[in-house]
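Please work from the sequences and hints to get the whole structure.
As they're listed, the protein sequences go chains A and B.
Per the numbering used here, the very first residue in the first sequence carries number 1; after that it's consecutive.
Per the numbering used here, the very first residue in the second sequence carries number 1001; after that it's consecutive.
To be clear, the hints were calculated from the coordinates, so they are not data collected in a lab.
Yeah, the Cβ is synthetic: ideal placement off N, Cα and C, and Gly gets one too.
Hints may contain errors.
Listed below are several chain A residues computed to face chain B (Cβ distance under 10 Å; list not exhaustive) [claimed, not checked]: (1) Lys77; (2) Tyr80; (3) Ile238; (4) Ala300; (5) Asn316.
Output of the computed footprint for chain A on chain B, the stretches with three or more beta carbons under 8 Å from beta carbons of chain A [what the hints assert, rightly or not]: (6) 1005 to 1011; (7) 1019 to 1026; (8) 1037 to 1044; (9) 1206 to 1220.
Take a look at the letters that make up each chain.
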Amino acid sequence: MYGLESNNQIKWKDKIFQMSFIYIFLIVTLAFIGALILYSAANGSWQPWAVKHLLRFSVALVLMFALSLVDVQKYYKLAYWFYLITLILLFVVEISGHVGMGAQRWIDLKLFKIQPSELMKIGIVLFMARYFSSATIQGIKSIRGIIIPTIMTLLPVALIAAEPDLGTSLMVLITAGVMFFAAGVQWWKFALVGGALGGCLPVLWNFLHEYQQNRVLTFLNPERDPLGAGYHIIQSKIAFGSGGLFGKGFLHGTQTHLNFLPEKHTDFIFTMFSEEFGLLGSLSLIFLNMIVLAFGYMFAFRIRNYFARLTIIGLNTNYFLYVFINIAMVMGVLPVVGVPLPLISYGGTVMFSIMASFGIILCMSVCSNGDNLE
Amino acid sequence: MNSFNAEKNQILSRRAIYIILLNLLAFAIIIVRLYYLQVLQSDKYRMMSDENRISTRFLIPPRGTIFDRNGETIAKNEQNFQALLIIEQTPDAEKTLQTFKNIISLSEDEENRIKKEIKNKRNFIPIKLKDNLDWEQVSEVLLHAPDLPGVEINEGLSRYYPKGELYAHVLGYVGPVSEKDKKDNPLYMVPGFKIGKSGLEKYYDYKLQGQSGTVKLEVNAYGRVMKEIERQSGTEGDSIILTIDSRLQKVAYDSFGEHSGAAVVLDVKNGEILAMVSVPSFNPNLFTNGISYKHWNELLNNERNPLTDKAISGQYSPGSTFKIVVALAALEAGVINADTRYYCNGAMKVGTSRFHCWNHYGHGSLNVVEALKYSCDIFFYETALRLGVDKIRDMALKLGLGASLNIGLENEKSGLIPSKAWKKARYDTSWTLGDSANTGIGQGYVLVTPLQLVTMLARVVNGGYNIKPTFIRQNDSSKKIKRLDISTRNIELVKQGMYEVVNAVGGTARKARFDINGAKMGGKTGTTQVRRITMNERKTGVISDKNLPWKLRNHAWFMGYAPADNPRYAVAVIVEHGSSGSGVAAPIAGRILQEAIKLNIK
Chain A
1 MYGLESNNQI KWKDKIFQMS FIYIFLIVTL AFIGALILYS AANGSWQPWA
51 VKHLLRFSVA LVLMFALSLV DVQKYYKLAY WFYLITLILL FVVEISGHVG
101 MGAQRWIDLK LFKIQPSELM KIGIVLFMAR YFSSATIQGI KSIRGIIIPT
151 IMTLLPVALI AAEPDLGTSL MVLITAGVMF FAAGVQWWKF ALVGGALGGC
201 LPVLWNFLHE YQQNRVLTFL NPERDPLGAG YHIIQSKIAF GSGGLFGKGF
251 LHGTQTHLNF LPEKHTDFIF TMFSEEFGLL GSLSLIFLNM IVLAFGYMFA
301 FRIRNYFARL TIIGLNTNYF LYVFINIAMV MGVLPVVGVP LPLISYGGTV
351 MFSIMASFGI ILCMSVCSNG DNLE
Chain B
1001 MNSFNAEKNQ ILSRRAIYII LLNLLAFAII IVRLYYLQVL QSDKYRMMSD
1051 ENRISTRFLI PPRGTIFDRN GETIAKNEQN FQALLIIEQT PDAEKTLQTF
1101 KNIISLSEDE ENRIKKEIKN KRNFIPIKLK DNLDWEQVSE VLLHAPDLPG
1151 VEINEGLSRY YPKGELYAHV LGYVGPVSEK DKKDNPLYMV PGFKIGKSGL
1201 EKYYDYKLQG QSGTVKLEVN AYGRVMKEIE RQSGTEGDSI ILTIDSRLQK
1251 VAYDSFGEHS GAAVVLDVKN GEILAMVSVP SFNPNLFTNG ISYKHWNELL
1301 NNERNPLTDK AISGQYSPGS TFKIVVALAA LEAGVINADT RYYCNGAMKV
1351 GTSRFHCWNH YGHGSLNVVE ALKYSCDIFF YETALRLGVD KIRDMALKLG
1401 LGASLNIGLE NEKSGLIPSK AWKKARYDTS WTLGDSANTG IGQGYVLVTP
1451 LQLVTMLARV VNGGYNIKPT FIRQNDSSKK IKRLDISTRN IELVKQGMYE
1501 VVNAVGGTAR KARFDINGAK MGGKTGTTQV RRITMNERKT GVISDKNLPW
1551 KLRNHAWFMG YAPADNPRYA VAVIVEHGSS GSGVAAPIAG RILQEAIKLN
1601 IK
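Dropping the structure here:
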């Protein structure tokens, strides 16, 4: 072997000091911005959202550090297991959903609920990273070599889509796709699949639930149902537009405070922020997120361990998708698919899953291993 | 192994660059979109945002006040205290309602309505608990405020008529806007806005309404008012001064006592309406506050028709009062003159029928003045037969009969002055001599309203000036009133007859005469049959009115003016089923004219 000491041998203190403080600081900053907007969303009150948001963040921060201190080897070794367990949980959810009534996304563990689809966003990344890091270039470039990861992608995607949770399912699919691409799967294969998907679109359309079809139709033309499904998008656009360059001021967003904008503390929180802080505020927030992403990619370039690099690219892509889909959908660029803005939106599940992925990124960012994680 | 991994790492790095570029492209799309929404389209969305949050509401302007000629208020706005309940401000709406009920009594209907509204209305929209609270009730509610969470006292304006039934017909009343009233005016959509529904309130509605104010309110998505942004108060409606003198109006109204009828008093010089009453009347304030079903039915089914303004919509045969018109027409046409005499022996033959004088003993030989004084029917049968109906009709129209005078009240009737052509069109039969004879004594087809009759009288006694009755003060005295083409000599002859009716021995209204510092009354009685007297009854003796049911008794007319030597005031009085013009209507007219002279209304 290439004379590498195991991570075990590095003291955790040293490991922490190697981590990017700026990165951690940015994450904390985003969470605090989230708390401030939630304070405004409650008409200038820390209750009911802002305080809980910060409490959750504190707990999630501990989780992040805990995950960042785990040995990289452990992630490598447990990658398949983690994926497998999550997949089983998705099955459980799917079956109990059929047994019970209506859409089912949760498994209730009394103390807290877990949402397997959220775990799968990390699970798929670890699986692909592990799979491609042990594959040969020839394998990656062959058809045979990508049959297994394709199946392992489509299984959870189908299960999540069946919940139904189109947004998450698409995020898992795209994350996996990006990792295929990063690993070196040829361009033409993507073009082929893309073309095939385009051809199948009319067929797929019939598989969508009526409310999902409505969302897409409404997205294409919000005015077709201005008081129903289109209402959210129209009101959101009004909030953006009336915010203008400088915004209406903290606590002075009329669209939000007068309740014209629904879901202002969850999916539409960026709208609320943008109405109050205008284009300049929005650009700043987007810029902050871009820096966070940039750090992730920087880590991926800095280290040499293939598994760690691919994991970072996968998790970074996941974070990027959250930010992009959320902002794009509230501005009417994408259909409303129920994706929150991580660290900002109110909600526990995404807070924990995204902090977990930050923890893993941090862990990978100080990975001094070479390639051997066996 | 190393080189193998190095190659994979190389691919990863290269592909990562593409991924980063893809990320940047995505963010670029977002930023372009942001720029489009927040800069390029900002004005449009700012407007839409304001449309969302700003609700402009109209403020109801105070309605103009109406005064009588002496500046006394006869229609005004009163503070109206309402108790309102706002559900969201009370922990238990039902309980609060029960507490309220113990303080201020509610009828079962009211309670059911409130319970229904509690169930159905949004919890921030106020529910009316009770209207028209008096001061005592208001203070009771305020005193119990701690036990009545969510109950508010709201102050509004409602129309009040201090003189009550005195002006009910003239002023009319106001009421909520109904579907057919709705016009472009957005004020009409404001809940609680009231418009004139009848009478002068309706005729002068636009003037009285005033200009609405607006208030801009910030509302949330559910319509709840968050705050007031801007307020522009409106202007009160114009006030109106009427020509009516409340003191005279009251005397006129009271003079009828238990009788049913109407009276109109004019200033003969300018046509100003000094009094106009229709008896019995009703209290218009009951309408403002919402009249009870029972009370409404009582008004509707009363055989004396309190809801009808008899002064303008009551059409009656003028009876002998019409002889003034016939006499003037005949004199003007030269068919008779001051010395023409006819002989009355109580009855005469017209065509194939016998026509009777009211005095079946006959009046003997009389000239036109005597014929008026005694109200001889035979004289006027003779005159009418010689004159022909068309000449009578011309004079009647000239003096203001047979057409609406357009004083601004709806339901003003035009009466009826028949002609040969009219009868042909109406009944498809020819005009007969009998029709002419009947017209000569104001019976048959002729119909007039009290307003028309007093106008006719005023035009005669003022020397033939073409005045028009009006409710609006005629300040512009320079405005020349045109003289009708009637000779003064003939007018004086007729006036002499009317003077003797009241003041000469044997005059039909002698009992009603008065003399206030030389001011005396002139006038003419009239009694009109409501039923037909059969030949049989005439043989056995006409049944006295006293023995007939009220509905079948004769209508009693009197039209009078005073002072007789220089007329200022004219009055027409109809007493429905009053039996006798001289016995019932003349004393009422006398009382009214005496009051006018005493008040010296100018």
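Against the structure, the hints come out as follows:
1. Lys77: Because about 18 Å separates Lys77 (chain A) from the closest Cβ in chain B, which is outside the 10 Å limit, the hint is violated.
2. Tyr80: Violated, because the Cβ-Cβ distance from Tyr80 (chain A) to chain B comes to roughly 19 Å (cut-off 10 Å).
3. Ile238: Hint on Ile238 (chain A): holds, closest Cβ of chain B at ~5 Å, below 10 Å.
4. Ala300: holds, 6 Å
5. Asn316: With a closest approach of 8 Å, the Asn316 (chain A) hint holds.
6. 1005 to 1011: The restraint on the segment 1005 to 1011 of chain B holds, since 5 of its residues have a Cβ under 8 Å from chain A and three suffice.
7. 1019 to 1026: Since three or more residues must qualify, the claim that chain A covers the segment 1019 to 1026 of chain B holds, with 4 doing so at under 8 Å.
8. 1037 to 1044: holds (count 6)
9. 1206 to 1220: holds (count 3)
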